[in-house]
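Grab the two chains, each in its own frame, and use the hints to assemble them into the complex.
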Amino acid sequence: MQLVIISGKGGTGKTTVAASFAYLSENSIKCDCDVDASNLHIVLGGEDIKSEPYLGAKVAHVDKDKCTLCRACEDMCRYDAIKDGVVAELKCEGCAACTVVCPNNAITMEDEVTGDTIITKSSTGILSRAQMIVGAEGSGKLVTDVRKNALDYGTKDDFYLLDGTPGVGCAVLASVTGCDMALMIVEPSQSGLNDFKRVLSVVEYFEIKPLVCINKYDINEDVTADIVDFCKDKNIDLIGKIPFDSTVEKSINELKPIVVYDDSIAGKEIKKIWKTVNSYL
Amino acid sequence: MQIAVLSGKGGTGKTTVSTNLAKLINVRYIDCDVEEPNGFIFLKPEGIKSQEVSIPVPYVDEDKCTHCKKCIDICQFNALVHTNKVILFEKLCHGCGACRAVCPTMAITEKDRPIGKIEVGYNGDMECLGGTLNVTEPMAGPIISKLKSMIDDKTTILDCSPGSSCNVVKPLLGVDYAVLVTEPTEFGLHDLKIAVELVRKMDIPFGVVINRLSQEDNTTSRYLKDENINIVGTIPFDRNIAVMYSKGELLINDDKYKKLFTDITHNIEEAIGCSL
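Order-wise, the sequence lines are chains B and E.
Under the numbering used here, residues 2 to 282 are what the first sequence spells out, in order.
Under the numbering used here, residues 105 to 380 are what the second sequence spells out, in order.
The shape of chain E in the complex, shown without the other chains (with noise of 0.2 Å):
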């Protein structure tokens, strides 16, 4: 069972969501954030092991290569120049191997270039994964993958990246239900109207949390009800849920806060017609 938070936009309270949830029911969390992955200054996992994660990019052999051109024009992402020799420009290889297919003399190789780490770490006996871009490096989409690649039948919980372009996509991919945290403002439905369109275009069953929520009636909670989108909790607008997010804290901890993740839970449950 997997299970996706997500947004449409960033610090509608994602992480909050997932790290508490993951944390409560005591299953693997997976940082899927990896511009910005902040999963772990809630969960401090122990033990971390880290792993290198790195693209395929061209190597070219001078030897070999007769400057035909075609490596240049089958490049779709304008990776590959040619002066008086193939020259790369590796941020912008996707690593797709195209060029090494189509090159007729075979002077195409390929090495490994590092684009970011992986990390898995336990709190408790709970599983802790994420993944960490290289800085300055444009490409978060192959981390993401191999974050899911590391995935098995047991139940995880995927922090997504803010957006709703290709690296939300990558995490959804073949997840059984996904949570869209939103905050009930004119912004935030803006924005949760982009993330319901993706999950409905992707074919997966969602529900809403909303967050900082300072009042019953609002044109978020009308929305929802005319859409006929299943709330599956709430969280108040309250200062001190910042206070606790800023030092890096649970909100479980809090037994005022630990009801309101018992709630999504079982709201979650409800929906999915089994148990976590």
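Isolated chain B, as found in the complex (with noise of 0.2 Å):
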């Protein structure tokens, strides 16, 4: 069973939830699914027990003995990445057609390292991550590797909770395929909802059952209540609302999970919608 938590827009709690998710699980294997800013090792703390480079993408190298300075290849390139026989290294897509064009032979692809996977071993058990180097491609090649990394520590009947990434790209997609179910975390705002019902149509692309919940749910009530007559309609089940909570603030400062704090509105409410998720399970 996998579980991946998503929102469309970035900064709506994700990560919050995700943790708090992570934190309550028992056994369950973790996946941090957003390389380009991963955030959930922060939280959940532990020891680093594995860590390999990624080859996560190809650059064209130029051979300076060779190169005739004919531009051949910067008339190919479609990416504005070679110029006198140099490259610009972060516009370069790795696509190879400069080499096809080249008169000499004198351009060859090489490997370029694009980040880190990293498998951690935290106090709620394993989380595998992983760190993109600034600037880097294929961001989506990398989450695929996170969560093909997570698999080697569990079986195929394990919980698997994917903390999501930001947006409806590359990133998402290979965030969500082949999860069974999508908890969406919405912030009911006009962007919020904008957001939300674009990455909706990612969840519903790949068929995945989709639950909802609203965070901060009482900073726009007009918005919540739109957010809720929209899921009624779609028929989509709205597992929760979480209130405004200034104790989350203190939570990431303080890197606990929020629901640690038993005073915590919004904590109690996660717990909450933890157990609703499990009815599901």
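Among the clues, some could well be false.
What the hints assert, rightly or not - Calculated cross-link-like contacts (lysine to any residue; reagent style SDA-like; alpha-carbon spacing at most 25 Å):
no., chain 1, residue 1, chain 2, residue 2
1, E, LYS215, B, GLU75
2, B, LYS92, E, LYS221
3, B, LYS84, E, ARG304
4, B, LYS122, E, VAL206
5, B, LYS235, E, LYS351
6, B, LYS84, E, LYS305
7, B, LYS122, B, ASN279
8, E, LYS297, B, LYS65
9, B, LYS92, E, GLY278
10, B, LYS235, E, VAL239
11, B, LYS65, E, ARG326
For the record, the hints were derived by calculation from the structure and aren't laboratory data.
Pasting the structure below:
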């Protein structure tokens, strides 16, 4: 069983919910799919037990001795990545089209390390994550690897908890595909509603069971009502409404999941949501 | 003059800073977060004109194909496979043209495949541009590149995607100054460091806006001081700001908050040494 937590928009509280679920779920295997800026390990703590460089992309390399500056590669490159025989690595997509047109075989494609995949042994079990090198290509492929690595630490019957990525692009597609359920955290704002609808289309496209919870629902009760109505119309299970709670900020700074604060109103609601999620497992 | 607003992570206030700043100084705004574009919710541009964005994908003429499989070997994205003919997985195709270039019998031509759109509208005389990636399409890059190609010398604020991947690199190419938005939490600091690494790697001068600031002395301020990074503004932790944001309202409509963005503008002007 694989549950992914996503949001469309960033900063809606994915990691707050994921860290709480990680704390509450015994023997689950965790994946942090936000390879651009992973945060789950900061809350869960623990020790890195494995780290491997990830060869996620290729980049063109020009042999200066062979290059005659004929500029055939420049004309071919659709990403404007070669000029005067020099490759702008941040622009290179690694497509190798330049190697095809070079009359002197001066260009080769070289593997590029785009990050590290890491296995962390946290207080709540195994966490598979990655640290992408800033500005690197191919975060979707890296997400796929993070998920594959997690599978080495469990069986098919285990519960896998995935902290997803913001957006709807390649990293999100890689986070969501093959999951059994997606919990979407929605913020009651015009932009939050907008992003929720877009990411819902992704979930529906992959035919994954959608669940919804609204975070900071009392910031704008009108939009909250719109989200409630929307879910009702679409027959989507709305399984919780988390109130605005300043303890959440405190919990982030104290690096503890919000559910450990007994007097936290957000923590109480997340515990209830976790129970409901379990009824679907 | 191009100014990019980025953050390492989503939800820190990039769109708040970039839309309010662009409207206050009345310059062109571009929403480069094509996966989740939200800027238009706040700027409400009118007279929107839309155009499709496509990428060229290969089309194989079976009469000319000799099944040499050179196209399959060259494709770095595994977008082409060969069964009894060449099959394209179009969502994997980056539109690079390598297969066409390598084909010895010129059996490959290209056709355009739409992946999203670009919209241009106006708030008063302020030009607003934005792109939207079609849902379930993986590649945002070509839409961002198209948006970037529509910019001239006029001052432009670019609202970037969250994260630090290729989708953030594309809008940053060629910008004159970057504003990094962060929030004073441990998560925020972790993500800010990633954004700092990116702009330093790209050699772009930058300053930081601290959003949701509730206390003066915090780890973020200390980090910025140690790293000698310029703070160009702060926005307080204020429930009312969250409420205005949730309604899709610009903060500069309230005089109390307008001053924050006037200060940010002045500080940026001082940093770049010219007026915006």
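Hints versus structure:
1. E:LYS215 with B:GLU75: holds (22 Å)
2. B:LYS92 with E:LYS221: holds (22 Å)
3. B:LYS84 with E:ARG304: holds (22 Å)
4. B:LYS122 with E:VAL206: violated (47 Å)
5. B:LYS235 with E:LYS351: The given pair, whose Cα atoms are some 23 Å apart, holds under the 25 Å limit.
6. B:LYS84 with E:LYS305: holds (20 Å)
7. B:LYS122 with B:ASN279: holds (24 Å)
8. E:LYS297 with B:LYS65: Not OK: LYS297 (chain E) and LYS65 (chain B) at ~35 Å, beyond 25 Å, violated.
9. B:LYS92 with E:GLY278: holds (12 Å)
10. B:LYS235 with E:VAL239: Holds, at about 18 Å.
11. B:LYS65 with E:ARG326: Violated, because 45 Å separates the two Cα atoms, which is more than 25 Å.
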